[in-house]
Amino acid sequence: MKAKFLVPLFIFLGLVVFLGLGLGLNPRDVPSPLIDKPAPQFKLSRLDDPTTEFGLADMQGKVWLLNVWASWCVACRQEHPVLVEFSKHSSVPIVGLNYKEVKGDGLIDQRKITDDMELPMAVNRANEWLTEHGDPYAVSILDLDGRVGIDFGVYGVPETFLIDKKGVIRYKHTGPITPQSLKEDILPRVAQLEAGA
Amino acid sequence: MRSTMCRLILAASLGLTVLGVHAREAEPVVADPALESRVLKLSEKLRCLVCQNQSIAESQADLALDLRDQVREQLSAGKSEDDVVDYMVARYGDFVLYEPPMKLSTILLWAGPATLAVLGIVFLMLRLARRNKAESVHLDERQRARAQALLKGDGTPEADA
Numbered sequence: 002m003k004a005k006f007l008v009p010l011f012i013f014l015g016l017v018v019f020l021g022l023g024l025g026l027n028p029r030d031v032p033s034p035l036i037d038k039p040a041p042q043f044k045l046s047r048l049d050d051p052t053t054e055f056g057l058a059d060m061q062g063k064v065w066l067l068n069v070w071a072s073w074c075v076a077c078r079q080e081h082p083v084l085v086e087f088s089k090h091s092s093v094p095i096v097g098l099n100y101k102e103v104k105g106d107g108l109i110d111q112r113k114i115t116d117d118m119e120l121p122m123a124v125n126r127a128n129e130w131l132t133e134h135g136d137p138y139a140v141s142i143l144d145l146d147g148r149v150g151i152d153f154g155v156y157g158v159p160e161t162f163l164i165d166k167k168g169v170i171r172y173k174h175t176g177p178i179t180p181q182s183l184k185e186d187i188l189p190r191v192a193q194l195e196a197g198a
Numbered sequence: 134m135r136s137t138m139c140r141l142i143l144a145a146s147l148g149l150t151v152l153g154v155h156a157r158e159a160e161p162v163v164a165d166p167a168l169e170s171r172v173l174k175l176s177e178k179l180r181c182l183v184c185q186n187q188s189i190a191e192s193q194a195d196l197a198l199d200l201r202d203q204v205r206e207q208l209s210a211g212k213s214e215d216d217v218v219d220y221m222v223a224r225y226g227d228f229v230l231y232e233p234p235m236k237l238s239t240i241l242l243w244a245g246p247a248t249l250a251v252l253g254i255v256f257l258m259l260r261l262a263r264r265n266k267a268e269s270v271h272l273d274e275r276q277r278a279r280a281q282a283l284l285k286g287d288g289t290p291e292a293d294a
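Which chain is which? The protein sequence lines are A and B, in order. The opening residue of the first sequence carries number 2 in this note's numbering; numbering runs sequentially from there. The opening residue of the second sequence carries number 134 in this note's numbering; numbering runs sequentially from there.
Chain B with its partners taken away, still in its complex shape:
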């Protein structure tokens, strides 16, 4: 009785496992490892439009698989990496690139952090310079004597007023 139960549970869980398996077939073992590494390298630079925080190298979305096939097909046909990137940008725009190109519209993106850092350093330096100037206030003899008296503790502030 117990073993039947066990078998049922085992069968059920096996069934679930089989159902849970992703329906795509295993991709064939690569024929050309050199090409495949180029495909992978380029795919990492291209954004998957469906799952936008993944590259088409990482994503298992259907579109990512198709685009990877396109990369492979075009590279094996002898096109350069730039050609493939141009092909993608012509269809999906700059958005498909993980690294945005330097353009008028993206200049803030590229120059922004450096500009902010430079501005910050300049601001800090001006601030420090001003503070140094403020610290080196020149005291005349009378003020110096009074300051010393105050430090010793026998000065009476009212006496001066």
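Just chain A, same shape as in the assembly:
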């Protein structure tokens, strides 16, 4: 009873702890409901050959990364060298999902882009970018209208999904991959998934 005056102090300390924890959270890191769920089905044109399509089934039986990128995406520039370096030393295939190459933020043209102009334009821009910065992708696919992006819950490029042999999403990384996040978050999970059946 003597220590009653300490009660406000403890309430205050409790608040400090909660607020401190809250400050450490990243508000942009929205938890994905897709973790441990089968990846959404898709069929999209390949960047290297837009007449052929590439889908989820083509990666069956592999542990792979789906990296969402676009040439207008500034953070992708930061991430790209890490991916290029990674692809040189690793056998984990990275599939590049080129997200809204033409209609995304940044390089919006003043003139109206008709549907028949969109594909060649996107292919052109994406290829130019890969030539300039290096191509870490086993294959790149074109998500021109961003529908597959929405199916994957993409809200900020770049985003990277780790998908297992059965096509289940096991991990999602929002924002640019750094050498540190690659080493600490992605590679251990890859090893674990590759060891598993």
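In short, the hints are calculated from the structure, not lab data. Some clues are possibly wrong.
In the DSS-like style, the derived pairs of lysine-lysine whose C-alpha atoms are separated by at most 30 Å in a straight line are [what the hints assert, rightly or not]:
#1 A:Lys5 <-> B:Lys266
#2 A:Lys38 <-> B:Lys212
#3 B:Lys236 <-> A:Lys173
#4 B:Lys236 <-> A:Lys38
#5 A:Lys38 <-> A:Lys167
#6 A:Lys173 <-> A:Lys44
#7 A:Lys89 <-> A:Lys5
#8 A:Lys173 <-> A:Lys38
#9 B:Lys212 <-> B:Lys236
#10 A:Lys44 <-> A:Lys167
#11 A:Lys89 <-> A:Lys166
#12 A:Lys89 <-> A:Lys63
#13 A:Lys5 <-> A:Lys173
#14 A:Lys173 <-> A:Lys63
#15 A:Lys5 <-> A:Lys63
#16 B:Lys178 <-> A:Lys173
#17 B:Lys178 <-> A:Lys38
#18 A:Lys44 <-> B:Lys212
#19 A:Lys38 <-> A:Lys63
#20 B:Lys212 <-> B:Lys174
#21 A:Lys38 <-> A:Lys184
Label-pair distances were calculated between CB atoms; the ranges are [unchecked claim]:
#22 B:Leu252 <-> A:Ala58: 51 to 61 Å
#23 B:Leu168 <-> A:Leu10: 55 to 65 Å
#24 A:Ile12 <-> B:Asn186: 27 to 37 Å
#25 B:Leu230 <-> A:Gln42: 23 to 33 Å
#26 A:Pro189 <-> B:Glu191: 33 to 43 Å
#27 A:Val75 <-> B:Leu173: 24 to 34 Å
#28 A:Ile114 <-> B:Leu242: 35 to 45 Å
#29 B:Leu237 <-> A:Phe19: 12 to 22 Å
#30 A:Asp146 <-> B:Pro234: 27 to 37 Å
#31 B:Gly253 <-> A:Val75: 44 to 54 Å
#32 A:Val169 <-> B:Glu169: 35 to 45 Å
#33 A:Asp117 <-> B:Pro234: 23 to 33 Å
#34 A:Glu185 <-> B:Ala164: 45 to 55 Å
#35 A:Val169 <-> B:Leu168: 28 to 38 Å
Just so you know, even glycine gets a beta-carbon here, dropped at the ideal spot from N, CA and C.
Starting from the structure of chain A, add chain B where the hints point.
The following block gives chain B in isolation, referenced to the frame of chain A:
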């Protein structure tokens, strides 16, 4: 000379205005106002993931436009509002909802304020009851007389001690 200057400035500012105009084209006038009001109403309940303090109805972010298109497309295809909400939650999680659903993990959010209010009222009532009890201290005859004497100002406290 002066008019040339004026013209230059005018031209420059016009140029700036044109550059400053948002590059998106005006959206076509709505074909179906009833549908559009449903789209708007539902869009107000969905959070834009890019600018998180805005709904997708308010936001001009590219993703918000895409999601609004999705809402429109699905409603016009005859899906119910709940279907569209389920579609969004399946992709972006509960975070996409401005009003969080009642769940075990959100029970504190929903019940917290009411619980705190009830606790506060109970605490206050207990406190008041205790104070009332303390105030109604019964005085015996001698104490009462002494209190009255003190009030009149002729009591000597030491006399009693």
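Going back to the hint list, which numbers does this structure go against?
7, 13, 15, 33
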